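A.B. asks: Going by the working numbering, the first residue of the sequence shown is number 601, and it counts up by one from there.
FYI, nobody ran anything at the bench for these hints, they're computed from the structure.
All values reported here derive from a predicted model rather than from experimental measurement.
Misleading hints may appear alongside valid ones.
Stated by the list, open to error - Below are the DSS-like pairs computed for lysine-lysine, each with C-alpha atoms no more than 30 Å apart in a straight line:
{"no.": "1", "residue 1": "755", "residue 2": "776"}
{"no.": "2", "residue 1": "712", "residue 2": "624"}
{"no.": "3", "residue 1": "705", "residue 2": "624"}
{"no.": "4", "residue 1": "728", "residue 2": "771"}
{"no.": "5", "residue 1": "768", "residue 2": "603"}
{"no.": "6", "residue 1": "768", "residue 2": "705"}
{"no.": "7", "residue 1": "624", "residue 2": "755"}
{"no.": "8", "residue 1": "705", "residue 2": "656"}
{"no.": "9", "residue 1": "755", "residue 2": "705"}
{"no.": "10", "residue 1": "700", "residue 2": "725"}
{"no.": "11", "residue 1": "712", "residue 2": "656"}
{"no.": "12", "residue 1": "728", "residue 2": "697"}
{"no.": "13", "residue 1": "776", "residue 2": "603"}
{"no.": "14", "residue 1": "677", "residue 2": "712"}
{"no.": "15", "residue 1": "697", "residue 2": "624"}
{"no.": "16", "residue 1": "712", "residue 2": "728"}
{"no.": "17", "residue 1": "718", "residue 2": "771"}
{"no.": "18", "residue 1": "712", "residue 2": "757"}
{"no.": "19", "residue 1": "656", "residue 2": "624"}
{"no.": "20", "residue 1": "768", "residue 2": "624"}
{"no.": "21", "residue 1": "728", "residue 2": "700"}
{"no.": "22", "residue 1": "697", "residue 2": "712"}
{"no.": "23", "residue 1": "718", "residue 2": "700"}
{"no.": "24", "residue 1": "768", "residue 2": "728"}
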Amino acid sequence: MVKTSTTKFDSSVDLVVALGVNSKLADQNVRDSVMLPAGSGRDVRIAVFAEDEEAKQALAAGADIAGKEVFLQQLDKGVLDFDVLVAMPQLMATLSKYAKLLGPKGLMPNPKSGTVAKDVVRAVKEAKAGRVEYRVDDNGLVHLSIGKVSFGPGKLKDNFEAVFESIKNNKPASLKGTYIKSVHLSTTMGPGLRMAVPA
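Sequences are here, hints too, so could you generate the full structure?
C.D. replies: Listed below in structure tokens is the structure:
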């Protein structure tokens, strides 16, 4: 990946894994979050929907936006100036009316992704450090960035192995047949490279 990247900017390295699942079946909708050992290389903007005291703590931990009423006013206007949304469990019912706004953009907090959390400070720190979420799409593909070309082969390998291990561990019990069909890596504007499926 490092050799085939020709852009002048620091390209992202993207992983695409084709799974033999039917994502329309609830028990085959593969989804999880994973901590990238070398970080994501992205400057992630984090919003926290929390009570006043927890919101202050989240801001101190590095959140870009935190609060309750002010945050809801932004959602009412359709303003989504963040990449990750963390919410306290007791406030999720309030967020439900914004599901149609947040859901399609993958921003709706979810316990499985670590974004529904009592400890918002920890959730913010993990998101900043490189926790990423993935989910299979309608075509059976898992697609996510595993870092930047500047990371070098060693760190990219560490991130790849962390993600791939997570995907393997989330194999649906009901699945019949091949789980992992193919694995491809590519850089921004670079060629896609097919990998042998790791055992």
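A.B. asks: Can you give the numbers of the hints that this structure goes against, from lowest to highest?
C.D. replies: Violated hints (numbers, rising): 1, 7, 13, 19; every other hint is consistent with the structure.
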